[in-house]
Amino acid sequence: MDLHEISVQLQAGKAKMVKTLVQQAIDEGFPAQEILEQGLLDGMNVIGEKFKNNEVFVPEVLIAARAMNQGVAVLKPLLVEAGVQSTGKVCIGTVQGDLHDIGKNLVKLMLEGKGMEVIDLGTDVAPETFVQTAIDQNCQIICCSALLTTTMGVMSDVVKAAEAAGIRDKVKIMIGGAPVNQAFCDQIGADVYTADAASAAEAAVALCS
Amino acid sequence: MTHKERAVAALTRQIPDHVPTFELEFQLAEEMFGKPLFPPELELGHLERLSELERSRLICEMAEYTAYVYTQLEYSIIPLMMVGDAEYWEKQGKLPPEFIQYARWVREFTNGEVLLAHHGDGTYAIPDGNDMYAFAYRIADDPEGVCAEAQDMANRAIERNKRLHEAGIDVLLLCSDYCYNSGPFLSPAMFRQFIQPYLYQIIRAGKADGQYTIKHTDGNIMPILDQLVECEPHALHSLDPMAGVDIREVKRLVGDRVCLCGNVHCAAMQTGTEAEVIASAEYCLTYGKPGGGYIFCTSNVPFKGMPPERYQLILDVWKRMRDYT
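Same order as they appear, the protein sequences are chains A and B.
Counting in our numbering, the first sequence runs from 16 upward without gaps.
Counting in our numbering, the second sequence runs from 62 upward without gaps.
I should point out that these hints are in silico values taken from the structure, not numbers from a laboratory.
Among the chain B residues that face chain A by a calculated CB cut under 10 Å, a handful are:
#1 ILE187
#2 GLY190
#3 PHE196
#4 SER243
#5 MET251
The beta carbon of each residue, even a glycine, is placed where N, CA and C say it ideally should be.
Throw the hints in and build the complete structure from the sequences for me.
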């Protein structure tokens, strides 16, 4: 079989078909990492790029991600057995005082689509929680999201909390959300600002490589 | 011209004596006029404990204050808040009697010289959080079911809007948000399947009853602008500059088919300089006003926390540039 077919079906959001094809690829003896990279992650990469270019929209991303998760579930025991490592480890959340999670969820999907391990802290996350999670879980990146002008300032507190905990040189801090921009990122001393979810995932991979 | 005549002229893309103004909500009444529009005594939990006489008196006072605030602001359209149990419609199939009373009083206090507005949408908006996943999966797995639910929602909105019409509501504010700053939540093809036919039905039914319709959505509407206009609302609201929507371009594209409202930069009003605020208001009037069919307003609402002087600043620009003659 051609592993590209998994990518194509994933892009179309055909979860059952993806699951079947992944199993078929396993049965035909393809290595788990190859199925993951050339099938599942390739499909999500294409979706991410199209999303960035407004060629596909949020529901299509979510449906593709569901297909990917079903494929990964089939593959996971083999990935563990083969000792395949994630491309990086990230903790992500919407900052304290802010309950908006659409942007955060999209970034999470895109990060997973790049093969990263993501710890989702949810919404209304205190700066100390971001930092403690990064320490406990050995995260290379903290991703902060905010939708409100009234909560974006908490991102600065996350940077300060990382400094206070002595991990600022070990962890990168990425920010995103409607009210923030590169100037704000520079102002608070965060490492990376991206304007959309797909770019965030690309930046995260670059930081971890 | 009365405020009503002025608003009707703009909504029907004619040229009034001057550009009218209004907002979907005005949240600065306390800051600018001394007390909030909605008295705490009329909130649910308190309302039920009032005698009928007390209730009527408070609703009458609220209506008088509503009329006073919006008269001072020179609004041509007054957005009425829900008074009474907002779920009353779902429970009883009727509007809350308190709301009907409130609308009647506001009309009396404004001598019927303004248009009264209330929310009337019944189409899918961008879902929140985990609902977003469920909605996306339903679109993929059960599109017929999604359409059936959309039809049911539209039918209920149409029935409710008829009751609003009977209560004296002239303008339906259709406020389901469809777009992020980056673009629509749904693809244009999905929008045409799951939203547009139902939005059209709601607008058509309102118009058949003589109501005016203002379709609001935040975000970048440009990929679905044509579909919104095909639904034939009287006006499009927000024209969100934070999402890159430019009133000059929208006016060029569809200004001959729909009245435009908004585009004054709300974020600048909150965090920008005075010069940026003035520039945004001047830009909107410069490019929205020509040929009629324009209502001056912010790209969202004068929200709680916005400095009142910033809102006053755009009203000053409006007064300076609003006249057609």
